[in-house]
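Protein chains: 4
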Amino acid sequence: MKPVAHIKLKKAMNVNGLVEQMNLTGVLGAGRLAKAVNICEAMITDKDCKVFLGLAGPLVPGGMREIIIDAIESKWVDVVVTTGATLTHDLGEALGYRHYQGSADADDEELHKKGFDRIYESYMPNKVYEGMEDFINKNFEIIKDKKSIKEFLWELGKLTPKKSILKACFENKIPIFCPAISDSGIGLMIWGQLAKGRNIETRTFEDLKEIIDVAWTAKKAGVIYFGGGVPKNYIQQAMQLVPKSASYGVQVTMDRPEPGGSSGAELKEGISWGKLNPKAKFVDLICDATIAMPIIFCALKERIK
Amino acid sequence: MKPVAHIKLKKAMNVNGLVEQMNLTGVLGAGRLAKAVNICEAMITDKDCKVFLGLAGPLVPGGMREIIIDAIESKWVDVVVTTGATLTHDLGEALGYRHYQGSADADDEELHKKGFDRIYESYMPNKVYEGMEDFINKNFEIIKDKKSIKEFLWELGKLTPKKSILKACFENKIPIFCPAISDSGIGLMIWGQLAKGRNIETRTFEDLKEIIDVAWTAKKAGVIYFGGGVPKNYIQQAMQLVPKSASYGVQVTMDRPEPGGSSGAELKEGISWGKLNPKAKFVDLICDATIAMPIIFCALKERIK
Amino acid sequence: MKPVAHIKLKKAMNVNGLVEQMNLTGVLGAGRLAKAVNICEAMITDKDCKVFLGLAGPLVPGGMREIIIDAIESKWVDVVVTTGATLTHDLGEALGYRHYQGSADADDEELHKKGFDRIYESYMPNKVYEGMEDFINKNFEIIKDKKSIKEFLWELGKLTPKKSILKACFENKIPIFCPAISDSGIGLMIWGQLAKGRNIETRTFEDLKEIIDVAWTAKKAGVIYFGGGVPKNYIQQAMQLVPKSASYGVQVTMDRPEPGGSSGAELKEGISWGKLNPKAKFVDLICDATIAMPIIFCALKERIK
Amino acid sequence: MKPVAHIKLKKAMNVNGLVEQMNLTGVLGAGRLAKAVNICEAMITDKDCKVFLGLAGPLVPGGMREIIIDAIESKWVDVVVTTGATLTHDLGEALGYRHYQGSADADDEELHKKGFDRIYESYMPNKVYEGMEDFINKNFEIIKDKKSIKEFLWELGKLTPKKSILKACFENKIPIFCPAISDSGIGLMIWGQLAKGRNIETRTFEDLKEIIDVAWTAKKAGVIYFGGGVPKNYIQQAMQLVPKSASYGVQVTMDRPEPGGSSGAELKEGISWGKLNPKAKFVDLICDATIAMPIIFCALKERIK
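Residue numbers (the working numbering), protein chains in the order written: chain Y, 471 to 775; chain X, 471 to 775; chain E, 471 to 775; chain H, 471 to 775.
Not one of these hints is a red herring.
Once the Cα atoms are required to be at most 25 Å apart in a straight line, the calculated SDA-like pairs of lysine to any residue come out as:
{"hint": "1", "chain 1": "E", "residue 1": "K478", "chain 2": "X", "residue 2": "Y567"}
{"hint": "2", "chain 1": "Y", "residue 1": "K775", "chain 2": "Y", "residue 2": "F640"}
{"hint": "3", "chain 1": "H", "residue 1": "K738", "chain 2": "E", "residue 2": "R568"}
{"hint": "4", "chain 1": "H", "residue 1": "K749", "chain 2": "H", "residue 2": "C519"}
{"hint": "5", "chain 1": "H", "residue 1": "K749", "chain 2": "Y", "residue 2": "E580"}
{"hint": "6", "chain 1": "X", "residue 1": "K608", "chain 2": "X", "residue 2": "P595"}
{"hint": "7", "chain 1": "Y", "residue 1": "K583", "chain 2": "Y", "residue 2": "G566"}
{"hint": "8", "chain 1": "E", "residue 1": "K617", "chain 2": "H", "residue 2": "I670"}
{"hint": "9", "chain 1": "E", "residue 1": "K632", "chain 2": "E", "residue 2": "I612"}
{"hint": "10", "chain 1": "X", "residue 1": "K616", "chain 2": "Y", "residue 2": "M659"}
{"hint": "11", "chain 1": "X", "residue 1": "K480", "chain 2": "E", "residue 2": "E490"}
{"hint": "12", "chain 1": "H", "residue 1": "K690", "chain 2": "E", "residue 2": "D577"}
{"hint": "13", "chain 1": "Y", "residue 1": "K478", "chain 2": "H", "residue 2": "K643"}
{"hint": "14", "chain 1": "X", "residue 1": "K597", "chain 2": "Y", "residue 2": "G744"}
{"hint": "15", "chain 1": "Y", "residue 1": "K628", "chain 2": "Y", "residue 2": "E600"}
{"hint": "16", "chain 1": "X", "residue 1": "K616", "chain 2": "X", "residue 2": "E641"}
{"hint": "17", "chain 1": "Y", "residue 1": "K478", "chain 2": "H", "residue 2": "D548"}
Derived DEER-like restraints, expressed as beta-carbon distance ranges:
{"hint": "18", "chain 1": "X", "residue 1": "K628", "chain 2": "Y", "residue 2": "E600", "range": "36 to 44 Å"}
{"hint": "19", "chain 1": "Y", "residue 1": "K714", "chain 2": "H", "residue 2": "P748", "range": "55 to 63 Å"}
{"hint": "20", "chain 1": "E", "residue 1": "K714", "chain 2": "X", "residue 2": "P748", "range": "57 to 65 Å"}
{"hint": "21", "chain 1": "E", "residue 1": "K608", "chain 2": "H", "residue 2": "S573", "range": "52 to 60 Å"}
Since the hints were derived computationally from the structure, they do not count as laboratory data.
The beta carbon of each residue, even a glycine, is placed where N, CA and C say it ideally should be.
Throw the hints in and build the complete structure from the sequences for me.
Written out as C-alpha cells, the structure reads:
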C-alpha cells in the first residue's frame, strides 16, 4: 500500500507541477484529478487509440470554448459528440455575439424584458436568435441536402465566418455528432424554415453508420466526458462495438450515481455492458467541468509533445 | 406569514392524507412534494391547459412503468417526451423481458459474462437485444417510411404485442417525442438494418413542426419533468412558443443547479427565456424520481375525478 | 434473481400499502425507502436491540417535531443524539415561538431588518433568543451543576413548559446527547451567563461514559440516521464498542460519498471500522429527510403493534 | 455587463496565471474559484481583519495537511475551528502513522480483518489507536486540568513530537477550537482514561468566551470554510457577535442548499442572521476541498508578500 503524500506548495508552481503533487496524494478529488490527467495523456499519446470526446453542459457560456477548439486543432481527439445547446452557443459566438457575466440571483422577469436568457449565472443575449435566423435562412439551400447530422454540422462549420468548435471540426476533419440537434436554438431556426414550407433531408439514424464505423475499426478506444446526457450515452453505445471496448475512460461530472441515470453512472458500470474493457484505465472525477477542464488540458499541454 | 405546522401521523393514513399534512409544513422537501401534487392537480384539471410530460432516467428499470402508462391512459398528459433508453426498456418489457433487482456493488465483469447490463442496482438481460432485433427486422418494412420520430414511435406502439408506454401513447393518440432516439438500443437495432443496406426515412427536424404546433395553439401549458436531459430541454424549448409561456411547472430532479446545465436548472431560470410565465405556479423538487412519482400520482389518483 | 415489479397505484391507498409496492420494485430510491422501513421495523421490534437515533439538519423548522416526539414517546428508540440547532429550535417552540414558511429567494438584508433568521426556506423569528435568554437566566442556578451534557439537557427538558423533544426524552428516560451543544443558540445563551461571571460545570468528555456504557452492554444495536454530522459520527463511534457492532442500519442523507466526509459515507464503510457487523441489514437512502421521515414513521405506525 | 472571456491555456502556465484566466470567465465553477482566491487574498492582506478558518472533512487523509500547517505558520489565519476527526488524523500522523491510498470498492470485511479503517478511498491503520492511547495515557496528568478545549488542544500540540496542525497552532498562538472533540478518536482515548476512574476538567461551554472575545473585538472578520459541520456553524455563530458581522466569506463545499442544513447553506443566508455583512465580499464554491484547497493556497502563495 502506498501512503498518501501531503501536497507541498511552492511559489509560482506551474499547473502540471501541482497536478503531479496531487498525484502523490492518490486519493479523493485531488488524486482523481491527477489520475484523469494521466489517463488522458495515455490515451492521446497511444497511436492505436481513437479518442471520443463527449461535451455537455454550459461549456461555451462558461468560458471553455478556446480550450475545446485548441484540443480539436491539436488533433487530441478523433470524434466529438455534443449537445445542440453547445453548438448553438458556439455558433452564436462565431456570428459575433458574446455571453455575459451575470448572477444566479438575478430577477428573471427583468432579464426577460431586457432580452437576456439566463444560464445559471451567465447570460446569452436573446438577439443571438436574430443573427442565427439570418445565417440559417441565407444558407438554407446549401445545408438542406445534408443527409447526416454530421454533414449538416460540418457544413455549418464551413460556413461560419470565424473560428469555432464547428469550424475546427470541419477544418480538421474531426467528425462531430449531435443526435439531439433538433433540441436547440439551431433546431428552432431550422423549424423556422420548415414553417415556411421548406424541407431538409437530414435523417435521424444516418450518423450511426459513421460513429459505429469509427468504433468498429478502432484498435483501441478512449473516452473523455465532460458532463453526461446524450453525448456520453451516444459514445458509450458506440463503445459496445469497439472490438475490445474502451481501454481508457475519464468522466467529469457533478451528477450522482444513486438515482440510476446514465449521466451520473460510474464508468465501471460500463463493464457489465461491454462498453468498458475490464482492464481499462479509468477514473470518475466529481468536479465542475469549468474547474477540471482547464486544469486537465493545461497539464496535458505541458506533457504532450 | 404562515407558521410551519408539524406533521401529525395517524395509523393507516392514506397517501393523499400524508401529502396534505406535508402541505401544512409548507417548506423543504415535504412542503415541495405537497406543492408538486397541488400544481399537477391544477394543471391536469385545467381544461385550457396542455400538459407536457418529460421523462428521463431509469424509470422503467425502477418500477415506474405502470404508473406512467396509467397517467397516459387517464389522459392526464397531452404530450410525452422521453429518452431512447426509456423506450428501449419499455419495448424490451413489451416483448416479454424483465428487469431484475441487483446490486450497485456487483462484479461488473461477472455480470458481463452472465449477460446482464447494470443500471445502477437493476439489471437488464442482454438477451433483450436479440428479441428487439427480431422485432425490428420483422417490422422494418412497416416502419421504414415514417418521416417523423413520433410516427415511427406510434408505429412501434401499434406493433408491440403488449401494454406499453409506446402502445398507450399510440392508442390514446398522445404524441410521443424522442429527439435522440438514435442514442438507444432501438437506435442500434435500426443501425443493424442500415448496415444490411436498408434505408429509413425518419427525419431529424420533422417533429419540431408537431410539438411546436401543440405549443403555439395552447391556451395554457403545464410541464412535469421527472429528470432532465433532452426531454426537459425539448419541452422547455417548445414553451418559448406557447403564447403565454408555461403557466404551471413541476420539476423532480437530483441534479444541482450550480454547474449550470439544463438538467439541474431551476424552473425560474426559464422566466428569463420566456419559457415560464412570471406568474406561473411552479416548484423544484429535489428528490429521486422513483420516490416522488408514486407519491405524486397516488395522491392525484385520489384527487382527480 | 427477482424481477423488478412495477408499482400499481390504487385510489386511497394507504402509506404502508404504497411502501409495500415500493418494496416489490426492490431497487433505486423506492426500493431503498421500502427497505429502510423494513429494517427500522426489524430493529425496533427486536427485543435485544438498542436503537440509536441520530438527528441532524432542519428537522424542527421542517415540520418533523411531532414525528420525533411520537417516536420517543413510543419508546421506539433507546438513545437520541442530535445537534445544538435542533435543540434550540425545539426549545424555541416549547417556549411558544414558531417557525414560518418563507422563500429561499428572500431578500436576506430585508429579513434581517425584520428580525427573521432564514433556514433555507423557513424562518425563525430572532425574538426567540429573548425568550430563551430569560428562560436560561431564570433557571441557571438549577442547570449550572449538571456535569454531563445529557443531564443538562434532561434538566432543560424537565423545565420546558410544553411538550418537546427535550421533554419527551426526559420524561421517558431516553438519554439524549449533543456533543457540540456549545455550537448553538442554547450555547450562546449559556455564554451570556458566563459573560456575567457565572459558571457552569458541564464537562466535555463526561457523556462518553454513558453512551459507551449503553453500547458496551447492548446485545444488539441498530442505528437510524437522518442527516450526518456529529450525531451520526458520535453514534458510529459508540458502535465500535458494541460487542457485535451494529446489526441494523438506516441512513437518510442528501450528502454524497465521494468527498470522503463522515456525513456522506456509505454505511458499509463502517464495516472496516468495526462499526457495522458484516452481516447487518442496512440501507443508504438518498433522500431529503423531510420526505423520508414521515413516510418511514407512518408505515412503521401501521406495522408496529 | 462584462463578457465571459474564454480561457487561453499556455504551456507551463503557473497556477496563479490559470486562476487569473478563470477570473476573466467570471462565471460558474472556474469564475467562483478565481473569486475565492481574490477574496481570500483580500481578507488575509487586510490588516484590520481577523480570519477564521473552518475545516471539516477528510483533509488529512486527503493529503492537505502540509497546506494547512503552512497557512497557520504563515499567520494567514487568526482562528482555526475543526473536527475531532481531523485532529485525530493529525495527531496520528504526528505520532508517526500514515494514511494509505485505497479504493472505495474495497472489501470492508477484509479491511477490518487486516486492521484498516476506510475513509472513502483512503485507509487509516487501526494501530493508530494504540499509539494514541499510549500518548494520552502518558500525558494525562498534564492535560487533565485544561479547562477549555482550546487549552487542551494547545497542550496536545505542545506535546506532539512532530510538526502538526496542533503544534503549528500552539507554536504560533493561533487559537484552535473543536466543540465536538469528544466525538473523535481523541475523545475515545480520553474515555479510556475516564473508564479507569481518572478525571478531566475540560468544560463544554468554556471556549465560547474566547472565540466570542476574538469576534467581539474584531474590526473586521473574514471566514474561510472547507466543508461544513460544526466548524462552519461555530464560526458562523461567532460572526453574529462581530460588530459589523463578517466582511469576507469563502465557502467550499459539495453539500447542497435545498435540504436546508447548515453545511450546505449558501453564505448569503447568513445576512438574515447578522452573520454576514450585506456588503461583504463572498462566494460559494461547489468543489471537492482537496481540489480547491491546493489551487487557492498555491495562488495565494504567489500573491501574498
